[in-house]
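Sequence order for the protein chains is V and B.
Take 226 as the starting number for the first sequence in our numbering and just add one per residue.
Take 322 as the starting number for the second sequence in our numbering and just add one per residue.
Note that these hints are calculated values from the structure, not bench results.
Check the hints yourself; a few may be wrong.
Stated by the list, open to error - Label-pair restraints from in silico Cβ distances: (1) K394/B x N401/V: 25 to 35 Å; (2) P413/V x P372/B: 55 to 65 Å; (3) A419/V x S348/B: 20 to 30 Å; (4) A397/V x Q378/B: 34 to 44 Å; (5) P412/V x K379/B: 43 to 53 Å.
Keep in mind that this is a model prediction, so the values were computed, not measured.
We put the CB at the ideal spot given by N, CA and C, even for glycine.
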Amino acid sequence: MEEVKEIRLPRIGEPAPDFEALTTHVRVKLEDFKGGWLVLFSHPADFTPVCTTEFIAFAEIYPELQKRGAELLGLSVDSISSHIAWVRNIEEKTGMKIPFPIIADLNKEVSTAYGMIHPGESKTETVRCVFIIDPKQIIRAILYYPLTTGRNMQEILRIIDALQTTDEYKVATPANWKPGDKVVVPPPSTQEMAEERVKQKEYECMDWYLCKKKL
Amino acid sequence: MACISTDGTLTESGTMMFRVLNSGPVSPEEIAQKTGLPMYRVRGGLRDLVPVGYVIQKGDKYQLTEKGAALIK
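Starting from the given sequences, assemble the full structure and let the hints guide the process.
Structure below.
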C-alpha cells in the first residue's frame, strides 16, 4: 500500500522551516538571514506575465524593505538558468535590475516545507505565497494569493511596519493602520484595570476594551 | 561558487570580500559593513570558501589563507 505522507503547513508564531538552497546569488541557508527580517515569497513560474509585474514591483520596494532591515528571497520550481535568463530579460526590457536572490527549487524541498504548492490551483507550480519571518526566524505573517492575482507590495511593507511597531511598543495596530496613525493599547485584563483605563486621559477610548494612543 | 568565477578569477563581490578578509581576521558582520554586501551573501560566500581552502575560520572570525591571498595579488 502506498504510504501517504501528510504535509503540515507552517503556521504563524512557529519557527520557519529550515532549508538550504541554491539561489541566483549564492547557496543560502535560512540561518544566513538570522538577525534581520526576511520576506520569502514564491511565484508560479519564470517568464510569465503576472510574475514579471510582481518581480518589477518587488524590485521597486526593495530599498524600502532594506530601510526596514528586511531581505527578499524569491522562489519557484524553475532552474537557476531559467531564473538568470528571466531577470536578465526583465532588466533588458524594462531597465529594472532584480537585486534579490531567487531559489531554484527544482526538487520542491523548500516549497513543500513551506506549503507553497496548492494542488487545487496547480500540481506543478507554486502559488503566490509570502512568508514574513522575523530576526529570530519565527514566521510572523503568511499571505497566499492565487495564480491569477498579483500581490500588493504596499501591504507587505505595511505588515512589516505593523509588526516592527508591535515589537517595539508592545501595542497592536487597527484596521488599515499605517505608520503615524494611532495604535491600539492592549486591553485591560482585570475589572479594576478596565475602570482605570477609561479614566486615563492620554488614551482615546471607544470603551474600556478599545483604546488608542499616539506613539 | 559565488565569489569565484568558473575561470578561477574573483567575481566583483568576491574581490570585495577578499580585500576585507585580507586585512586580518574579520567577522561576517564586519565584512558586510565594509563591503555593503547583505549578510546572507557574506555568510553563504564564506561557507563556500572555507572547505576549498581559500579562507579559514578562527572562532567567529575569518581570514584568507595563502591560497586565498594569492587570488587577489
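We went through each hint and held it up to the structure:
1. K394/B x N401/V: 25 to 35 Å: violated (59 Å)
2. P413/V x P372/B: 55 to 65 Å: Once the Cβ atoms are compared, 57 Å apart, the range 55 to 65 Å for P372/B and P413/V holds.
3. A419/V x S348/B: 20 to 30 Å: The hinted range 20 to 30 Å is violated for A419/V and S348/B, with Cβ atoms some 50 Å apart.
4. A397/V x Q378/B: 34 to 44 Å: With Cβ atoms ~43 Å apart, the hint holds.
5. P412/V x K379/B: 43 to 53 Å: holds (52 Å)
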